[in-house]
Structure formats: structure tokens, C-alpha cells
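Number of protein chains: 4
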Amino acid sequence: MSKINFITAGESHGPFLTAIVSGLPAGFKIDVNKINEQLHKRQQGYGRGGRMKIEKDNVKILSGVRNSITIGSPITLQIKNRDFDNWKDTMDPILPDTRNEKVEIPRPGHADYAGVVKYGFDDIRNVLERSSARETAIRVAVGALCRQFLENIGAEFFGHVTQIGKISIDKKSIDYNLLKSADSSSVRCINKDISEKMEREIDEAKSVGDSIGGIFQIIVKNLPIGLGSYIHWDERLSSKISSHILGIQAIKGIEFGEGFDSAKITGKNYHDEFSVKEEKIFRNSNNAGGLEGGMTNGEPLIINAVMKPIPTLTNPLKSFHIQTKEEMIAHKERTDSCAVPAASIVAENVIAIPLLEVFLSRYGGDYWGTIKKRFENEIN
Amino acid sequence: MSKINFITAGESHGPFLTAIVSGLPAGFKIDVNKINEQLHKRQQGYGRGGRMKIEKDNVKILSGVRNSITIGSPITLQIKNRDFDNWKDTMDPILPDTRNEKVEIPRPGHADYAGVVKYGFDDIRNVLERSSARETAIRVAVGALCRQFLENIGAEFFGHVTQIGKISIDKKSIDYNLLKSADSSSVRCINKDISEKMEREIDEAKSVGDSIGGIFQIIVKNLPIGLGSYIHWDERLSSKISSHILGIQAIKGIEFGEGFDSAKITGKNYHDEFSVKEEKIFRNSNNAGGLEGGMTNGEPLIINAVMKPIPTLTNPLKSFHIQTKEEMIAHKERTDSCAVPAASIVAENVIAIPLLEVFLSRYGGDYWGTIKKRFENEIN
Amino acid sequence: MSKINFITAGESHGPFLTAIVSGLPAGFKIDVNKINEQLHKRQQGYGRGGRMKIEKDNVKILSGVRNSITIGSPITLQIKNRDFDNWKDTMDPILPDTRNEKVEIPRPGHADYAGVVKYGFDDIRNVLERSSARETAIRVAVGALCRQFLENIGAEFFGHVTQIGKISIDKKSIDYNLLKSADSSSVRCINKDISEKMEREIDEAKSVGDSIGGIFQIIVKNLPIGLGSYIHWDERLSSKISSHILGIQAIKGIEFGEGFDSAKITGKNYHDEFSVKEEKIFRNSNNAGGLEGGMTNGEPLIINAVMKPIPTLTNPLKSFHIQTKEEMIAHKERTDSCAVPAASIVAENVIAIPLLEVFLSRYGGDYWGTIKKRFENEIN
Amino acid sequence: MSKINFITAGESHGPFLTAIVSGLPAGFKIDVNKINEQLHKRQQGYGRGGRMKIEKDNVKILSGVRNSITIGSPITLQIKNRDFDNWKDTMDPILPDTRNEKVEIPRPGHADYAGVVKYGFDDIRNVLERSSARETAIRVAVGALCRQFLENIGAEFFGHVTQIGKISIDKKSIDYNLLKSADSSSVRCINKDISEKMEREIDEAKSVGDSIGGIFQIIVKNLPIGLGSYIHWDERLSSKISSHILGIQAIKGIEFGEGFDSAKITGKNYHDEFSVKEEKIFRNSNNAGGLEGGMTNGEPLIINAVMKPIPTLTNPLKSFHIQTKEEMIAHKERTDSCAVPAASIVAENVIAIPLLEVFLSRYGGDYWGTIKKRFENEIN
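Protein chains in written order, with the working numbering: chain A, 50 to 429; chain B, 50 to 429; chain C, 50 to 429; chain D, 50 to 429.
By construction, these hints were calculated from the structure, which means they are not laboratory data. Glycine included, C-beta positions come from ideal geometry on N, C-alpha and C. Watch out, some of these pointers could steer you wrong.
[Stated by the list, open to error] Taking lysine to aspartate or glutamate pairs in the EDC-like style, the calculated list, with each CA pair at most 20 Å apart, reads:
(1) Lys151(B) to Asp132(B)
(2) Lys326(C) to Glu375(D)
(3) Lys326(A) to Glu153(B)
(4) Lys421(D) to Glu425(B)
(5) Lys109(A) to Glu375(D)
(6) Lys105(A) to Glu86(A)
(7) Lys374(B) to Glu327(A)
(8) Lys317(B) to Asp252(A)
(9) Lys109(B) to Asp138(C)
[As the list claims (entries may be wrong)] Examples of chain D residues toward chain A, derived with CB under 7 Å:
(10) Gly63
(11) Ser112
(12) Glu200
(13) Tyr416
Bound-form chain A, shown alone:
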């Protein structure tokens, strides 16, 4: 199988977020503005806190691209953390910490506790700086880069929020023609009335120092048939996509197509029957969410994912001091009250990584011109 190898690096209040991506074909024209557009979308959304006012993320490309064209070498993406200036005294990579304010009370729901046990730290800051969802900014950049290749062969990516707190859109009533309108909602919900109710749900949580999670849906249209494979468990697209989505901070579940509701439907009603019109194959439903046998089947790829409420609360939870073992309330760190709209942007871009990987595995090649020609000539 083809492999897009990438590593993301960077702490929440460190100087930079950086990623290096190798395995992308040469000869493809990159649009940096489209990457920045996704970065900006990620920073928006009703319920975000103060940091988003400090940061205005823009990616710099430092290698692998010459005059906007990929040259096949590893691509370095970098985002400056503007907030680093306020944290230099404690977060400098080399110089000693002159602030000397250790974080010693783990926040329930966060990596804090398991992190200090694992790494033997006496300062939880060493954990939270990397476990923070700030890292998703650079992951969005990687995804937004990969996405451009797939968009170039006609794929379309959509994400929208279907639930925040107890407020949800009726799954059966989703108007898929409205997907593009998600961006005009502060909560990325395509139903205007529900959008407003979701805002209220967030307001309510915020007003009591609480936080709230939700569910979002990602849809990818116009993928060729036969991406991924049933040949080995780790080549199934269901496996690959899940590993990426459940690799996003705070995501606690994923489902494809009808997902958990599939349990209730019998085979007769669940499976997407074929019909033929003028020698072309159609389906009358898409309960499988576009994947059969771990491969794309020509229908839109549809996943839902759930995000837990943000674990940092301005009205903090019960915890303890890691040295004294005394019960105390948890450490406070600047926080949002809801990040589901942002998470939907993260997922909408990140999903492009395994999809491009299986696309390149099928169409191979070192040079995008050749790959695209193969795709067009050998089309199913």
C-alpha cells in the first residue's frame, strides 16, 4: 500500500506548530489560500474562548514546493503560535523556566493524570502543552493539502454539525443540498432554527462555567470505486479512516452510514440494492455510508463522529494535588465552552489524508500529471 508519511510537532504555547509530509506526488499546483481558509474556519465557531482572538493561523510552506508546484520532496508546513510571546519565560525550548509555576492538579477528562504517571513529570504543563487540541491546527493544514489533490479529480468534502448538547437535527431530514450552507452558521448546522437552539445550548453551558459536546457528520462525494481493500484488516478504509478520526482530541466514537442504527434494521432493508439504467449501476439507498468490504462503492462516503464536552471548565471539577495527594479542585487553563464546529473542520480535512493514501495506492505514480491521466483513462 502507498503511504503518506507525516509527523506533526509543536506545543500549544511553543513557538511553532510544524508538520512534514512525505509521499505526495510531484507536479501538483498548491493553493495556499485554500489551506489558510480551512485554518480560519477551524478558529471560528460559537463557543470559542479568548485564544482565538490572539491567533490568526496562517501556514508557511518551507520545503517541497517550488513556485507553488510540488516537487516530490517532503513538504514542511509551519504555523507560528502568536501566543508564544506571552509564554516565552516558561516555554522556551532551551532557556530555563523563569516563571516557575508548575501545574500540579490534573483536570478530569484530560491527558493530565495518565500523562504524568506515564512520563514521570512533576509539571502537568509538560503534558497539556502537547495533548491540547491546538495541535489540530497543523493537522488541518496537512489535511487541507491532501484534500486539494482529491478535489482536483472531482471529490467534494463537506462537514456539518448535527447535534450540540441535547439539540439535534433530525438525521432523516438532512437536506444534502444545503451542505455548503454549514459555513454560514456559527455552529455549522445547516438548519437555521436548530442552529439558534444550539447557540442557546452553548450559552447555557457557558453561563455556569460548564462545557458541551456534540456530533458532526462528514460527507465526501465523487470518490472513485475501489479505494481501500478487504485484503487485510488495516487496508480497509473503515479502519484507516477510524484511526484518523479517533486520533483527533476529544473524539469518542465514529460510525459509517446508518452506523449504530444498523443494529435495528434487517438485512433486507439495510443493504443497498443495485439497479441498472442504461448500462450504468445505481443504488437506491446508501445505508452503508459508501463503504462495502472496506472499499468505496461509488456512493457518498458518510461518517458521524461524537466529541465529548471540553474537559477544562471555568467552574472546575474535583481533583487532587499530584505531590501531596490532597483533594483539590482542578487546574484552570483558558478554554472554550464548545468546540464541535471546529472539530467538524478538523475531521473534514483530516479525512482527506487516508483517502489520498488509498487513491495513490491505486493510481500510483510519482508525477501528478501521470496519475491524473491514469485516473481518467482507466476510470471504472
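Got chain A sorted already, so can you dock chains B, C and D onto it with the hints?
Same frame as chain A, but now just chains B, C and D:
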């Protein structure tokens, strides 16, 4: 990170299922009977069809183990397909096909259609033989092998069925003391009344040539704190476990702890607060399902997964002929009407693979004696 | 990059050697006889000991191939160790050792000493059974399988012995038209006179219970230009090939083209200048051995590799007892006195693995028909 | 096996060289000066050209380290290319090329020709910018980082030049007590007379626009026994080290210990016999170069590697124009006449990467304090 590398091989009606597993420590005493026990459990369950009467799976170990002790070299596991004798004339690896009965009508819900598009086959048998869930037998053997290492340091693995069709156990009323009783239910449900209703649900589907899916839960107790990591998305246990579970045939979703219901609960009520008793850290809830920041946090690891209804129906669905493009009803292949209990066994064993991987990554070492001593001496 | 994933398994006196290979395209016709032919060649050669009379290796294909055609699923290759019957009492994977003859004196030059230190064994047999070059039999099978794909697009593989002990063929006088004649020499040397001298060199070593190593050359012709890449160190073919060749037991060095002699030649005389005839590009020399920038450049790929003398001597070396730490002479195990001709066969086949890997990375595809068509249409 | 995952990025005249390294333990104190020291050494050496006067490499650490202590997260290393300012008009990642001077005549010996064939470029600059050995600067930084961990447990790394052109040090007469003196020679040769002759050899090549290669030796002392493994070909240290060393630009061969000379020595004289003194195990020779069965055996690890002459000549070779296919002399690019001393620095640092990888695989752990304690307590 440490890496257990394994490849499974074998077709549904080929001569053997084989797996080679590398990366397991030397000096560990294997109990083959315990592997076979899991293989036998996988073959049971209300709703299985005729093949389970032909096969009685037993694993043979062909390398990597000497006198029942691992020696560090790659371990070969092999299961003979007794049914191969009935399929030799068409499935022989080398000799030509003398039966000449091509499968040419794809089954909706199966890998059939995308498979032939992908690989250019004119016989769907080349797809279905490998995409079949028969492969899970050898994957269970790999998992049951890995599981023994973790059981040796005190971990306990449980799986039970919580929903079949519309019949489900009340998630809030699960009596976790009864987990071991799942094995005495034909549907692996720990509630006797619900078990019977589930059997009826299966009977009903079967009586009309239909099939039915369901949901199961896997629980792993007594894992040390700090397995997995927040350091990179692909080292999060949530990511690793999901890739394995969604790599199982017919699984369409996974959730950790409260999972999709987390959307409805505010942070205050969702996050698992700490309390301290006699210098020991406790939690008063486990909504996170034992993972925070992608790491084990000392609470039981809990996942739910959903299996779609089996796509091969004795009353088949609408399809078409891959050569003539004429509409036809789908190909029939011997089938079960419900495989959810079996799937719970597959998942219960397969989950041990990524868990052992992160355990070895933390405790390292080439020799089990050393690893175990480290685990005991350095315990959190 | 594309990835042929394979694991070999099996002990020298265990029941079977097994390998599983994943990542090979579907739709390719395998010739098992050609694999067996390589296995038989590996077993020959002047200087082999008694075991070669017991074993007559033949591979069985247990999966991934149907009616001699690959179907894209992982391919299981298996070779029965006939000698296992004589070793059952001590080597049975499951049953206890009833022979009870521990090996406790490490052989200098072998894995014995570092192996027991590493794995904490009290019986060196646990090391030597896997470190033995017997494992190369199954690795030859993997290589001979991969080689068929490349031969199908015109590549030709050659191996011949250029030195045994102090007897060597003059590197500058190699008649490359005679490469095929290597098989008719008992030492795989293409010069008849030198062949005889090499036999005498082996006789001499054998007569005093000693052993002898040597140097061989592998040549691969007709590879397309541009396999491998300068993009990252681990994608350079020089890196990939070296990792495979230095992964063969007893190999202590590799060089490409002029190799170590390149130090002596200035750039002016070393680099292979271009010339053009009728719009076609030619070289007037091949000092680089067919690789520039880690990529194939259209010239024959040429490597030399050196094998140390076999470390098991019938007139054994000074050693010690691992328990008592007393000085003793080393353990004896049945042995050959020279295995250089066999090693040349191992290398000649094993080199096909990274070469096919980079070929598939360039031409991609799931189906051999498509891949071959791409290769033919897009040819440089 | 444990895995240090790293990707290097950057073009020769691009703005930055960047690497991200993941898999290093937390809690280790980094000395950046020691990384810079290696970078500076790489830039020296008799025979370097003009660029070395422009660049004075210094690494910046942008993530994964806080107050000089590793925190377990991926480490970003970055070196600014000062020369970029002179190349902005053609090398800008995003802005169009305003210089418009395509390189269209491939240099024999370089990646140029195969590179354009592979990637379909019309400007060889897209190849040479990445294939250039400038990339080794950042790879030295990665190696110098890994090396610090091993030095912390007592390992010592040495490199020295043994041959330039026809001038070589007598292998048998190497005084291993003088290894540290290599740094005081402009050609990194530990023999003062030979050093001067080597300088003359370089002068001579330079004076006629020619270039010259050579051979260097790397020695690593005080590694624990049992690093690497015979278990699988790709876990042998010989394989891992070779893949790293042959992954360095212009390296055409590697040998361990006696290397190619091993062919001439019989087993009796080649293999390193054991002796015992006061219960301690000794060797009387080290022909194996510190590796048996692909594992460290307690003796110094010794390799030799050969570098071909630099392919860019100020008196260029015969080539052709890639568009017109007319014969022409090759493209000129600023160049050195000998880079063997620099290559020895590259190899001396790069070798630390696979060595640390196998060390961590053996001693595991997330936290350096724990790892070191294990190493000390469990020592052989």
C-alpha cells in the same frame, strides 16, 4: 513505539488460514488450549449456518514456540479449513479450476462489486473468498495469543452482546458482575430474558430469509495507567483500537465509554472526577470508558461496536450480472442469519493486539521475565 | 512508497519454514516450478555438508493464489523441514523436550553469545535454531516469487561467485556474456579454471576442519529508469538493497558498481558520461553500478557482497560454558565448509523484493494487467 | 521493535532544512551546542568549496523540548539556509520564478537524469535541490541528537578518514588511541604524514577541475551486548546500519570489521575466539567488527564506507540537453572537490539513529530516568 507485526492469510475455502506474528517477547509460556477455546467460542452463537458444523477450528503452532515457550522468533499460527476438500476442484492454489462456475452477480452489502471493479476480476469468487469473515478465525488466534501475555500481568477481557435487532439490554442496568455469564447465553447476552427475546429476533429474520445485526460491548479490566499516548494521533489508544475493531468485517461503528451519548451530557456531569482515599486515587464514574488523552487511566476500558446485518441473504436482494449488466437477484452463498455473538468474540480477542503493543512499548524488553519484573517494580 | 510486507518464520529444525507476503498485485500467473528451481540451486554448491542430502526443498502455496493466478490476498509460502522428524523430541512447538541436551557453549562468529545475553536463555539452541541460515530457504522463495513479476516486464537476474578464499576472478576481465554459465559451475564461477581452483580452496579448508568465505556479484538487467528515489534516505535503492543484502546471514559488506575502488578513481574517470545516438541516450561505462541518486539509471544494476567464513567448525574454536564460565571448545553442529555459492542464490532472489517494491511504487495499481499496460505505455 | 520515526525536509537553496523526530523518550537533557558542534565539523574539511563560507549552520529546536529537557513530543529541528536570500527569485516556495534559468543538462553521476525521467520535470533544478548533499546537514542534527542519549549511557562515537584517492592509511596499523585526533586533521586522518599526502591528492584533483572520493571508518565503543536481533532480517543491526549509511548521498559501499577481506581469511583465523578472565568474557580479536548474528557482541562496532568522487566538476563531463537531445557538456553548479571528511561526520552521527532505536527497543520506556535505571540494573 513498539510494534507487533502480523499478517493473516487464507481464503474462506482455501486449504489453510495462516498468520505470522512477530515482535512477541521470548520466555513466555503459551497455552494453546486457551487459543482453541476462543476459536470454538467464535464458532458458536445462535443464528450460525451450516459451515460451523463442518469446521471445528484448532490452531497449530508451526514456529516461534519451543516446548510451549516463546523463543522470540516469529510465531506461525495455522488453522486447517476442513471444507477445502469440498472446494478443491475450483479453489486449488495451483491446479486449474475444473468446476467452472463463476460468481457473476454481486451481493449488495458485500465487497463483491467494488472488489471486481478494483481488481478487474471476471469471477466474484476471487473477492468473496478473502473478504469473507472466515478470516476472523485466524485473527482470533492472533488476539488470543497476545491476550495471554496481558492476562499474565492481571488484565481481564470480557465481551457481551447488548443488542440484536430491536432487542437491547438497558445500557444503564448492566450488571458488570455478570460479565462472565455471557458465555452461557447462546447470544452472549448477560440478561436471560433479553437473551430469549434476542433468539426470537434471530428466528424471525431467519424464517423469512433475512439477517440481523447488533451491538456488543468489550471491557478490559486491570490495565496499567499510561498505555497509549497523546504524543501523536496514531499513538492514541482510541485510534489504535478503532483501527483494529473497524478492521473487522461488517463492523460499522465504535464508541468509547458513553460514546455517542456524550454529546448530551455537559462537562460537569461527563468528566470523571477524582477522589483520594488513603493516598490512592479513585474515580466516581467511568464515562470516558477508561481512556483520557488516548491513554489508559486506570478505569476499565469500555467500548461498544455495531455490526451490520449479514449481507448474504437466503432471500436475496436485487443486483445485476457483471458481464451483461442485466438486473438479477444476488448470488447466494451459504450463510448465517446472525453473527453478532461471534463478532463479540472476535473483538474481545483482537483488542488484545493493540493493547499488548502499547504495553510492550512502555515496558520494552526482549524477555518476558524482565518485562514482567519491570512492570511489577515500576508499577504506578 | 509502495510496500511489500512480508514476514518469514521457522526454526532450522522446526516443522516448517513459512512466509506470508502481502502487497503483490492480483492477476499475475505464478510459476511454482521456477520458485522450486531457485530453492534447489540454493541447496547445491561445492562445500555443502550433510543436511543438504536430507532436505530437498519444495514450496507449497497455501493462500493468495487460485489456479496459479494471484488474487491480491496475502500469499502463504511453506517449506517442510524433512529433518524435523529427527528433532521432534527436542524441537516440538508444544510438547516438552525429552532429549534434554542443552547447548551451553557459544560458537565464536555466531549469534549464540549475544543471543543468550539478550533473551536470557539457558539453552543456546533457542538462538541457533532461528539465527541459522536455514531461514534463507524461505526468503529465497519470497524473492523468487517477486522476481517473476519483474521478469515479466523484461528484467533479468544473474549471480556469480567472484572469490572464494584467496582465489578470485579478475574483476576487470569478467565476461558478462557468460553469466548464465554460472549455474554449470559447482562454485557458481563463470571461469572454468578459477572454478577448479576454488574447489581446491574449499577442499583444503574442509580437510583441516576449517571453513572459507568469499565474494559474489549480482547483476540485474533491463530495469526501467527512475526506480527508487533521492527524496528521502530510506527511499534510495542503495539503502533498500543494502538493508536486504546485509540482512542475509554472514554477509559483512556490500558495494555498488566500482564500490570500494571508487575511492581511487577521480570524478573525471569515474562518472559515466552520456552520449546520444539517434535521439537515444547511452553511457560509455557503468562505474556507478546502475544507480545514480539512489535511482536506477538504465544501466545494469551491479552489486558485490562478501560472506564471512561459516562460524561452525568441525575443528572448533575456543569458547566457554555459559553457566560455569569455564573455558571450553565450542559446540559442534552439523555444518558446511563453504556456502558462498548458496549465498549468491539467496542474494540473487532477495534483491528482487526491494526492486519489485519500488517498481510497484512507480506503476501502482492493484491488477497486474493494468500495471503492465502502464509500464508499456508510459515507458521512458 | 521500537521505532524512531523521522522525516527530513528542505531543498539546498530553499529557506530552511527541517526535521521532525518522534519516538525519543521524555526527561532527557539536550545539549544544543553539541549538535551545533557536529554541524560545524560537517562544514569543514580540506576540499570544500565556496558555499561553506556562506553557511554557518546552527540548529534551532522548535518543539518537543522545554527548558532543554525532552518532553516526549516530536522534536522539530531547523537550520536556516543563509544562501536562500540569493535564490529567492527562483526558489520561492509560493511566488513564481522570475529568474527563469532552467537547468537542462544532466550531470553524470548525479540524480539529474533519472530524476527528470521519473518525475517528468523540465527543469533539473527540481531534482538537484533535493538530491544535493546539503540535506545531510539536518540529518547530522538528527543523529547528533540521538547520539547524546547513547553517550549518556557511556557509548563513544569516532570517525576518521582512511583513504582519499590513492592515498590510504595502512588498515592494520591504525592506532585506535589516536581516534580523537582526527578532528585536528583537515582531512580527518589520524596519521599526520598521510594527512598531508591526502591534502596534496585533493589539490591535484582541484587544480584540473576534477574531484576525488575516499573511504572512512566509524567506530562506536561501549554499546551493551544484544542490540539488534537475528530474529528477522530487518532487525539485524547490519541491515539497519547499512540502510542508513547507504542512504547517505554518494556512498557506494559499506563493510563491517574485516569486511571484504573476510573472504580471504579462513574461519579458524577469522572468528573471534572467547577467553575468560575472572569470570569475565573477553575476545582476542574483533574481525567481526562488533556484530555477530546481527547483534552487538560487546566489542567495538567498526564499519568502513566508501564515497565516490563528487559528480559536479568544474571541468564538466559529456552530457546532453534534455529537450533537444543534443550532446553538450554538463551543467555546472558550485561544488567541492572532496567531501570525504564531511561524509565521515555525517556517518558518525547518522549511525546513532539505528543504534538508539535498537537500544530503546531493548530497554523500552517512556521516560529516560526509567530507561537508564533499567540499563544499569539489568546490565549484562
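Okay, the hints, checked on the actual structure:
| no. | hint | verdict |
| --- | --- | --- |
| 1 | Lys151(B) to Asp132(B) | holds (19 Å) |
| 2 | Lys326(C) to Glu375(D) | holds (9 Å) |
| 3 | Lys326(A) to Glu153(B) | holds (18 Å) |
| 4 | Lys421(D) to Glu425(B) | holds (17 Å) |
| 5 | Lys109(A) to Glu375(D) | violated (40 Å) |
| 6 | Lys105(A) to Glu86(A) | holds (11 Å) |
| 7 | Lys374(B) to Glu327(A) | holds (9 Å) |
| 8 | Lys317(B) to Asp252(A) | holds (15 Å) |
| 9 | Lys109(B) to Asp138(C) | holds (17 Å) |
| 10 | Gly63 | holds (5 Å) |
| 11 | Ser112 | holds (4 Å) |
| 12 | Glu200 | violated (19 Å) |
| 13 | Tyr416 | holds (4 Å) |
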